[in-house]
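Residue numbers (this note's numbering), protein chains in the order written: chain A, 1 to 294; chain B, 1001 to 1168.
If you are wondering where the hints come from, they were derived from the structure by calculation, not from laboratory data.
There may be inaccurate statements among the hints.
To be verified - Negatives, chain B to chain A, calculated, CB over 10 Å:
hint, residue
1, E1017
2, Q1030
3, I1103
4, L1114
Said to hold, decoys possible - Sample of chain A residues facing chain B (criterion: CB under 7 Å; computed from the structure):
hint, residue
5, G37
6, A54
7, P144
8, N208
9, P209
10, Q227
Beta carbons: idealized from backbone N, C-alpha and C, even for Gly.
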Amino acid sequence: MTRPGPAFWRRASQTGVALAMAGVPFANLFGLHGVSGNFLAMDVFGLPLGDPLAAVQVLASAGDITGRVALGAGLALALALVLGPVFCSYACPYGLLSELVHARSRRSGHLMGRLADTAVSAGFRVRAGAVLAGLILLAVFGLPPLLNLLSMPAYYSRLWQHVALGGVLWPVGGAVLMLAAEWRLGKRLWCGFACPQSVLLHLMARLNPWRLRLVHAPERCACAKGQSRCVAACSLGLDPRRPETLPLACNNCGDCRTACLRPGQALRFRLGRPDAQNAVLPGPEAGGLDKRPE
Amino acid sequence: MIYEQMLRPPGARGEREFLKRCIQCGQCGQICPYGSIVFEAGFNPETFGTPRIAPRRVPCYLCMRCPPVCPTEALLPVTAMARADMGIARIDKSRCYTYEGSIFCKTCHEKCPLRNQAIVMEKGLFPVITEACVGCGVCENVCPRKAILTIPKARLAAARDRWDGGGA
Chain A
1 MTRPGPAFWR RASQTGVALA MAGVPFANLF GLHGVSGNFL AMDVFGLPLG
51 DPLAAVQVLA SAGDITGRVA LGAGLALALA LVLGPVFCSY ACPYGLLSEL
101 VHARSRRSGH LMGRLADTAV SAGFRVRAGA VLAGLILLAV FGLPPLLNLL
151 SMPAYYSRLW QHVALGGVLW PVGGAVLMLA AEWRLGKRLW CGFACPQSVL
201 LHLMARLNPW RLRLVHAPER CACAKGQSRC VAACSLGLDP RRPETLPLAC
251 NNCGDCRTAC LRPGQALRFR LGRPDAQNAV LPGPEAGGLD KRPE
Chain B
1001 MIYEQMLRPP GARGEREFLK RCIQCGQCGQ ICPYGSIVFE AGFNPETFGT
1051 PRIAPRRVPC YLCMRCPPVC PTEALLPVTA MARADMGIAR IDKSRCYTYE
1101 GSIFCKTCHE KCPLRNQAIV MEKGLFPVIT EACVGCGVCE NVCPRKAILT
1151 IPKARLAAAR DRWDGGGA
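Here chain A stands alone, though its shape is the one from the complex (with noise of 0.2 Å):
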């Protein structure tokens, strides 16, 4: 019996995260309150943890923010400074259920290229854009958190909220139309082009030169020119073998990772400077090559 891969696991703590989301409200309506909250701000038996753009947008309106709300948003961007935007690949539901969809959308024929480095980049202003702005009428105005109601996962999460306690949830409507988009253009619209929560996250990363990356070893790779497992293998149309077009729009999920693991394991993940490891990737004596192309 062959164990489980990395993909295996991920799609595991993705199903899991959605499942305990779903069922918390539930939970409570027992009197079983360990965990409560969604994914704006929760409460995990005694330990906040929260969206850090939902914290930054109260800080900004209001000019000020609870002890709670600001060590929930320091864990998840503490989580985001080693492991990278980790949230997005083995937590957010909105992200699982884009994966299936682009999935499902990929064996219909919708195929989807890699992007563009422009498109990549585009992608990662918009969204930084929408926040900036976002923010700055916050303060200025003195608005509600707004920002809030472009967060899918917590959409996702309000969703079960408002079946338990009752109420109509009309925006999920919005979230189910943006699958169907994703699904017909066969690319993960919202995860490249919109998802303001993530912009904090993939800031957080950028600042740590030590952070957990991807590494791309070109002497490795087995690939036959013009073919490229990895590239095929990831859902955001990203081309791992050039990581430096990575840090504003790669979440970590290591799909490109797995899909390299027979042709050569060109690509691993590394904490520290990417200058520092391509020459430390350990070789065949040190068991960093199981198995070369054949």
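Take the given structure of chain A and dock chain B to it, following the hints.
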């Protein structure tokens, strides 16, 4: 403005400040044992997803569990019922059975969580809502004639002007 008509949970800050701080995490609704708190589902982006109480559906019973769980202190962490400060109730005397003289009804007085403080019986007969009322909405919910209206804190100034003409 639509948001001015909403009855907020106990401890809520002034409406504008409340809206700035409420991040719609829903923890207040999840801790409420009575299901009193519902989330606004209208089309106003400023108030969408914020908690409110609909007294005629389920009023607030002032258990005071929701203020401490609010992570942003949009609900100030008050625990005393008398400090809930949600609004104030008003009796429409032209509809109240007792004032009308048809039936001696004191349901509102009997069910009030702040009985003899927020609602007192004048001359032992007529229910009168005092300034100690915090606007929980229990009286509005139990009134058989629907003669009581709970006015949210945000609307008090405007409402006082209107009720001064013939209110309780």
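Do the hints match the structure? See the list:
For E1017(B), the requirement that its beta carbon stay farther than 10 Å from each beta carbon of chain A is not met, with the minimum near 7 Å. Not every CB of chain A lies more than 10 Å from the CB of Q1030(B), the least distance being 4 Å, so the non-interface label is violated. Chain A leaves I1103(B) outside its interface by the beta-carbon criterion, the shortest separation being 33 Å against a cut-off of 10 Å. In this structure L1114(B) is separated from chain A by more than 10 Å, as the shortest Cβ-Cβ distance comes to about 26 Å.
The interface hint given for G37(A) holds, since its Cβ lies 5 Å from the closest Cβ of chain B, which is under the 7 Å cut-off. This hint holds: A54(A) has a C-beta 5 Å from the nearest C-beta of chain B, less than the 7 Å allowed. For P144(A), the shortest C-beta to C-beta distance to chain B is roughly 4 Å, which falls under 7 Å, so the interface hint holds. Contact between N208(A) and chain B, as hinted, is not supported at the beta carbon level, the nearest pair being about 26 Å apart and thus beyond 7 Å.
For the restraint placing P209(A) at the interface with chain B, the shortest Cβ-Cβ distance is roughly 32 Å, beyond the 7 Å limit, so the hint is violated. Taking 7 Å as the C-beta contact cut-off toward chain B, the hint placing Q227(A) at the interface is violated, the least distance being around 47 Å.
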